[in-house]
Every structure is written in C-alpha cells, then in structure tokens.
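Asks: As a plain string of letters, each chain reads:
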Amino acid sequence: MQQYRTRILIGIVLGLSMIGGAIQGYGQGEPSARLLSVSARNYQQAYSKNLVDTLSTNPVVLPYDQNTLFFTFAATNARGRQSFFYMLNGLDYYWLRCDNCTQVHYSHLDGGDYTFLVKTTSPGAIPAQFSFEVEGNIWHRWWFVPMLALYGLTIMSIGGYLFVLYRFRQKLIEQHLVHKARMESMSELMSGIAHEILNPLNFVTNYSEVSRELLDELKDELPADALNQVEDIVSDVGDNLAKINDHSLRANQIVQNMLQHSRIGRGEMQFVEIKTMITDQLQESYRVARQQDDSFEAVLTTDFDTSSLTAKVLAAEFGKVLQNLFSNAFYTLQEKRRLGADDYVPALWVSAYHKNHVLELRIRDNGTGISQEVAEKIFQPFFTTKPTGQGTGLGLSLCYDIITKGHDGKIWVESALGEGSTFIFQIPA
Amino acid sequence: MKLVELSAYLVYLSTYLIAVPILLGFYLYRRIPILFRILLAGLVLVLILDIALLFSTAKNTFLYVFCGVDVLLFGWIFSRSVSGEATGRLILAGTALVTLTIGLDAFFYSGLTANGLSNTLARVFLVVISVVYLSQLIQNLKVDNLLAQPLLWVSLGVLTYNAVGMFDVFSKPILSYSQNLYLQFYTVWALATILLYVFFTYAFWMAKHTEEIS
Numbered sequence: 001m002q003q004y005r006t007r008i009l010i011g012i013v014l015g016l017s018m019i020g021g022a023i024q025g026y027g028q029g030e031p032s033a034r035l036l037s038v039s040a041r042n043y044q045q046a047y048s049k050n051l052v053d054t055l056s057t058n059p060v061v062l063p064y065d066q067n068t069l070f071f072t073f074a075a076t077n078a079r080g081r082q083s084f085f086y087m088l089n090g091l092d093y094y095w096l097r098c099d100n101c102t103q104v105h106y107s108h109l110d111g112g113d114y115t116f117l118v119k120t121t122s123p124g125a126i127p128a129q130f131s132f133e134v135e136g137n138i139w140h141r142w143w144f145v146p147m148l149a150l151y152g153l154t155i156m157s158i159g160g161y162l163f164v165l166y167r168f169r170q171k172l173i174e175q176h177l178v179h180k181a182r183m184e185s186m187s188e189l190m191s192g193i194a195h196e197i198l199n200p201l202n203f204v205t206n207y208s209e210v211s212r213e214l215l216d217e218l219k220d221e222l223p224a225d226a227l228n229q230v231e232d233i234v235s236d237v238g239d240n241l242a243k244i245n246d247h248s249l250r251a252n253q254i255v256q257n258m259l260q261h262s263r264i265g266r267g268e269m270q271f272v273e274i275k276t277m278i279t280d281q282l283q284e285s286y287r288v289a290r291q292q293d294d295s296f297e298a299v300l301t302t303d304f305d306t307s308s309l310t311a312k313v314l315a316a317e318f319g320k321v322l323q324n325l326f327s328n329a330f331y332t333l334q335e336k337r338r339l340g341a342d343d344y345v346p347a348l349w350v351s352a353y354h355k356n357h358v359l360e361l362r363i364r365d366n367g368t369g370i371s372q373e374v375a376e377k378i379f380q381p382f383f384t385t386k387p388t389g390q391g392t393g394l395g396l397s398l399c400y401d402i403i404t405k406g407h408d409g410k411i412w413v414e415s416a417l418g419e420g421s422t423f424i425f426q427i428p429a
Numbered sequence: 001m002k003l004v005e006l007s008a009y010l011v012y013l014s015t016y017l018i019a020v021p022i023l024l025g026f027y028l029y030r031r032i033p034i035l036f037r038i039l040l041a042g043l044v045l046v047l048i049l050d051i052a053l054l055f056s057t058a059k060n061t062f063l064y065v066f067c068g069v070d071v072l073l074f075g076w077i078f079s080r081s082v083s084g085e086a087t088g089r090l091i092l093a094g095t096a097l098v099t100l101t102i103g104l105d106a107f108f109y110s111g112l113t114a115n116g117l118s119n120t121l122a123r124v125f126l127v128v129i130s131v132v133y134l135s136q137l138i139q140n141l142k143v144d145n146l147l148a149q150p151l152l153w154v155s156l157g158v159l160t161y162n163a164v165g166m167f168d169v170f171s172k173p174i175l176s177y178s179q180n181l182y183l184q185f186y187t188v189w190a191l192a193t194i195l196l197y198v199f200f201t202y203a204f205w206m207a208k209h210t211e212e213i214s
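So the sequence lines, in the order shown, correspond to chains A and B. At position 68 of the first sequence (counting the first as 1) the number is 68 in this note's numbering, and the numbers step up by one without a gap. At position 186 of the second sequence (counting the first as 1) the number is 186 in this note's numbering, and the numbers step up by one without a gap.
In short, the hints are calculated from the structure, not lab data. Each hint should be verified, as a subset may be incorrect.
In silico DSSO-like cross-links for lysine-lysine, where the CA-CA straight-line distance does not exceed 27 angstroms [said to hold, decoys possible]:
1) B:K142 with A:K355
2) B:K142 with A:K171
3) B:K2 with A:K312
4) B:K208 with A:K355
5) A:K405 with B:K142
If you only want the chain A side, here are some residues facing chain B, beta carbon under 7 angstroms, derived [stated by the list, open to error]:
6) I155
7) I158
8) L162
9) R169
We put the beta carbon where it would ideally sit given N, CA and C, even for glycine.
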C-alpha cells in the first residue's frame with residue numbers, strides 16, 4: 001500500500017496537467033499500445049501465475065486472493081522497450097510514467113472494479129485498456145456486516161426469547177409449588193381442627209337428643225296441672241333442642257367432609273371402567289338437579305376415547321370428584337337459566353381421553369362462568385360463591401386433594417365470566 | 001492435524017453418525033410412538049441419500065432433495081406436535097409452500113446448480129417452526145419434566161443445526177475470501193450436526209416411555 005501512497009504524492013508533485021492529457025487521450029482510433037498479457041496470482045504464492053484472458057468479452061472477475069496482477073504491454077507500432085504512461089482506474093489518480101519498460105504490476109488490490117490503461121508517451125496517444133473486477137474482501141462488501149449482525153441478532157434473539165420463557169416458566173412453577181404447599185397445609189390444618197371439633201360436636205348432638213328424650217319423659221311424668229303451667233316452656237325447650245340437634249348434625253356433616261381430606265389415599269386402588277362411571281354419575285347428578293327444579297333441562301354431550309377407558313383409581317373418591325363437578329356444573333347452569341336470556345339452552349359436555357399414559361377428563365358447561373380472581377381461590381377449602389347454607393366450600397377442595405394427593409394427578413379450571421367453565425383433570429393411567 | 005483434515009474428518013463423522021439414532025430407533029421400534037417412527041423413516045432416507053451421494057456425480061441435485069426431505073419431515077412432525085389446530089395447519093401450509101419454492105428454485109431459478117436460496121429458506125423455516133414448538137412446550141406448565149420430553153430434544157437439535165446452517169448463506173463470499181474461514185465454518189457445522197444426532201439419539205431413548213396419542 002505504501003508504494004501507491006508514494007505514487008499519489010509523486011503525482012501531486014509532478015503536476016495534475018497529466019490527468020487532463022490522459023482524459024484527452026481517450027477517444028476513437030487505434031491504441032498506441034497493446035496489452036500482451038495480464039496475469040493474476042496470490043501475493044504469497046510466488047510461482048503460481050494465472051494468466052487472464054485479455055480478449056475475453058465477459059467481465060474478468062478475479063477472486064479476492066488473486067489480487068496481484070502483472071500487465072505486459074508493448075507499443076503498437078514500434079519494437080523494443082519504450083516509454084509509456086499507464087494508470088489503474090480505481091486506484092491511481094494520474095498517469096504514471098515508465099521508461100524502457102514492458103511490464104508493471106499491482107499488488108494487494110482491494111475488492112472493486114478496475115481498468116488498466118496504457119499508452120505511449122506520444123502526444124495524443126490513445127490508450128489500450130483492460131477492465132477487471134477483484135472480488136472484495138467480504139468485510140468490505142456493504143451487505144456483509146449488516147447481514148452478519150442480523151444473523152447474530154437473530155440467533156441471540158432466539159436464545160434470549162427461549163431463555164426468558166424458561167425463566168418465566170420457572171417462576172410460575174415456583175408459584176404453583178407455593179400454592180400447592182399452601183393447599184396442603186390448609187388441608188392438614190382443616191383435618192386437625194375437624195378432629196378436635198368432632199368430639200365436642202358429638203357431645204352436643206348426643207346430649208341434645210338425650211335431652212329431647214328426657215323432655216318427653218318429663219312430659220309423661222308431670223301431672224296434668226303442672227304440665228299445663230309449663231307446657232309452653234317445655235315446647236320451646238323441645239324446639240330449641242331440635243334446632244341444636246339439626247344444626248349439630250349439619251356441622252357434623254361439614255366436619256366429616258373436612259375429615260375426608262385427611263382420609264384421601266387410604267382406600268384401595270382398583271381398575272374401573274371410567275366411561276360407565278362418568279355416565280352413571282352424570283345421570284345421577286342430572287336427576288338430582290331436576291328433582292330440585294322440574295322445569296330444568298340441559299343438553300348433555302359425552303365424547304369418549306374409542307379405546308377402552310379403564311383406569312386404576314380410588315373408586316369411591318373418584319366418584320365423589322365426578323359427583324361434585326357435575327353438581328357444580330348443573331348448579332351454574334341453573335343459575336344462568338334464572339338470570340339468562342329466553343333462548344339460553346343449558347348444556348354440559350364431558351370428554352375423556354387417554355393421552356400419553358394420562359387419562360384426561362374435561363367437564364365443560366355454558367353456565368355463568370367464573371372470574372380470574374375466583375378461579376385462583378376456587379380450590380381453597382371453605383371458599384364458595386354459593387349463598388350461605390347452600391355450599392360448604394369443601395367440594396372442590398376435596399376434588400383437588402383427591403386428584404392431586406389421591407391420584408397424583410392435576411386439576412385446573414379454564415373459564416370466561418358469563419360464558420362458562422371447563423374443569424380439566426388428568427390422572428396417570 | 002491440519003484444519004482441512006480436521007474438518008473433513010468431522011464432516012464424515014457427522015454425516016455417518018446418523019446411523020446411531022437409526023440403530024437405536026430400530027431397536028426401540030415397537031416402543032416408540034408413530035411420530036418417532038416417521039422421524040426414523042426420514043433419517044433412513046437421509047442415510048440412503050448420503051450413501052447415494054458417494055456414487056453420484058449430480059451432487060447439487062441431492063442438495064435440493066436433502067432440503068425437501070428436511071422440510072417435509074420436520075414440517076409434518078411439528079405440525080402434529082404443536083398445540084392449536086390453526087398453528088398445525090399453518091405449519092403444514094408453510095411446509096407445502098417452502099417445498100414448492102425449493103422445487104421451483106431447483107428447476108426454474110438456480111437450475112440444480114447451487115441451492116443457496118433453497119437451503120436458506122428451508123433453514124429459516126425449520127428454525128421458525130422449532131422455535132414455535134419450543135416456546136409452546138416451555139409455556140406448557142402441565143409438562144412436569146421438560147427434559148424428559150423427547151420432542152424437546154428433537155426441536156433443540158433442529159434449532160441448533162439449522163441456526164448454524166443458516167450461516168451457509170455466506171458460504172460463497174466466504175469461500176472467495178478465505179478457504180480457512182470456510183473450513184472453520186464447516187467444522188462448526190459438523191459439530192452442530194453431531195449435536196443434532198446426539199439429541200435425536202437421546203430423543204429416541206426418551207420416546208420409549210411415551211405412548212402414541214390415540
């Protein structure tokens with residue numbers, strides 16, 4: 001490169017008038033010099049010369065590493081060594097002179113288009129010319145660096161995107177584990193409380209019954225006069241004892257439900273035909289729903305795997321899950337029917353499929369649906385959206401425990417408020 | 001060892017390493033799902049093409065066939081594996097479109113000379129569909145053990161191999177610039193191919209636990 005810089009400097013010193021002369025020299029007519037040969041080679045491979053066809057009509061394209069060129073020329077109408085002007089358009093800015101020479105060479109040509117011009121030193125001489133292209137160093141091509149950057153960015157973006165997704169997944173899994181642990185501790189707490197409450201509650205139930213019996217005996221024992229005086233009081237006490245007994249029995253039922261959480265998994269696993277179980281529970285729950293409201297009708301659709309749907313489950317508890325989910329679904333259908341438009345048709349879809357050693361059941365309704373806030377708490381014990389007295393809030397928490405603890409499965413809900421809900425659960429099968 | 005020898009050795013190793021997942025696939029044939037049987041068939045086809053390439057002079061023609069087989073095979077596998085019917089159909093449509101473009105490129109554009117366009121298009125398409133599948137899989141919280149999912153390894157292999165292979169779009173200018181750089185690229189590509197077949201082998205091994213979706 002140093003030699004070219006030197007030439008430029010010399011050009012400045014010698015004067016720019018030569019360039020004017022060179023430009024005037026371009027024109028029609030026979031060139032004053034002719035190119036005898038052009039050879040190109042790699043600068044480091046001293047002995048491998050590639051001769052370039054100077055008569056080629058196609059553009060001469062040289063690879064990047066064949067960028068050392070030798071131009072051999074002679075005067076058209078004279079023999080022997082002469083003086084010439086030459087220049088390489090694309091590199092030189094002015095004509096260079098060589099006296100008594102027949103060859104010049106250029107090394108380390110960068111990528112680009114070039115034209116070599118040579119002419120005798122006679123005034124008005126027309127130059128011979130030879131055009132060629134050196135395929136550039138790819139770093140010097142305008143598109144290479146942006147493309148390389150784009151490629152790098154694409155790869156990094158893909159890696160980054162997948163990494164962010166993975167981290168997000170890890171966070172969600174942590175949240176799920178926290179939620180699971182909280183549910184488990186709540187279940188344990190609930191079972192503990194239930195055990196403690198059950199004994200005093202039994203006393204309340206039993207003694208209220210005994211007291212009613214004693215009251216009846218008291219009525220028999222008291223003389224008629226005395227009974228007339230206290231009859232109202234005895235009757236009120238009897239009613240109160242009946243209420244105490246009823247409510248203690250209800251409380252007992254709640255405690256029994258609570259205790260079921262701690263009993264999950266103690267039963268015997270057995271193979272059951274899931275299709276039959278679903279159909280039976282569905283019909284039974286539908287019958288119960290219609291008992292509560294004669295005018296209630298719903299479209300029931302089942303979609304089962306064509307293959308056998310046998311699975312090893314805790315039969316009684318699995319039945320309880322189906323019963324709870326179906327009764328909840330019918331409840332929400334009835335609710336929407338009460339609130340909904342005239343053309344509303346309550347519908348329930350149940351599907352069951354085997355998928356990669358997993359039995360997946362989906363129970364979808366077009367009922368009232370549940371909000372995201374409610375969906376997050378729906379499996380928590382004692383959480384209910386039903387009016388007081390209609391639900392204990394233990395049904396779905398029991399389902400959750402039966403599926404997750406009893407069957408090592410998963411249960412979740414997908415819902416849109418006002419459009420319906422889908423309860424999905426998977427158990428290993 | 002010179003770079004040219006190293007890269008040649010690695011390219012040969014990576015090409016015929018395909019035999020390992022094929023052998024394991026046949027060994028586990030009865031225990032793997034249909035998706036992996038199709039993958040096995042595709043790998044066998046690739047091996048046959050590799051062997052045929054040894055005896056053929058029309059090497060460029062084979063490059064188009066490789067491209068087409070890759071796109072059809074993985075397009076079908078991922079269309080069956082992604083969740084969402086629309087996404088599956090979109091992948092199938094993309095597969096058809098890319099295969100058609102490869103055919104048009106082969107016979108009407110580049111004329112079975114150099115498959116730069118087809119190669120780049122196929123690799124970009126395969127990278128996109130493997131990323132789609134991977135992102136769906138990672139977001140699926142119902143999958144407990146991500147690393148036990150056989151298709152995770154298939155998609156990771158496809159992603160790595162094709163992401164490196166995408167660089168092939170620069171192969172021509174690189175070859176003009178420096179043979180060394182070209183050989184370095186081939187060495188990296190061979191390593192990515194080796195990784196691909198290692199991942200496929202592991203995927204076959206993991207797939208034996210997976211039953212076909214009925």
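Asks: Decide, hint by hint, whether the structure agrees.
Replies: Comparing the hints with the structure gives:
1. B:K142 with A:K355: Holds: K142 (chain B) and K355 (chain A) sit about 13 angstroms apart, inside 27 angstroms.
2. B:K142 with A:K171: 14 angstroms, holds
3. B:K2 with A:K312: 62 angstroms, violated
4. B:K208 with A:K355: OK: K208 (chain B) and K355 (chain A) at ~15 angstroms, within 27 angstroms.
5. A:K405 with B:K142: 16 angstroms, holds
6. I155: Interface hint status for I155 (chain A): holds (5 angstroms vs cutoff 7 angstroms).
7. I158: With a minimum Cβ separation of about 6 angstroms from chain B (threshold 7 angstroms), the hint on I158 (chain A) holds.
8. L162: Given a least distance of 6 angstroms, the restraint on L162 (chain A) holds.
9. R169: 5 angstroms, holds
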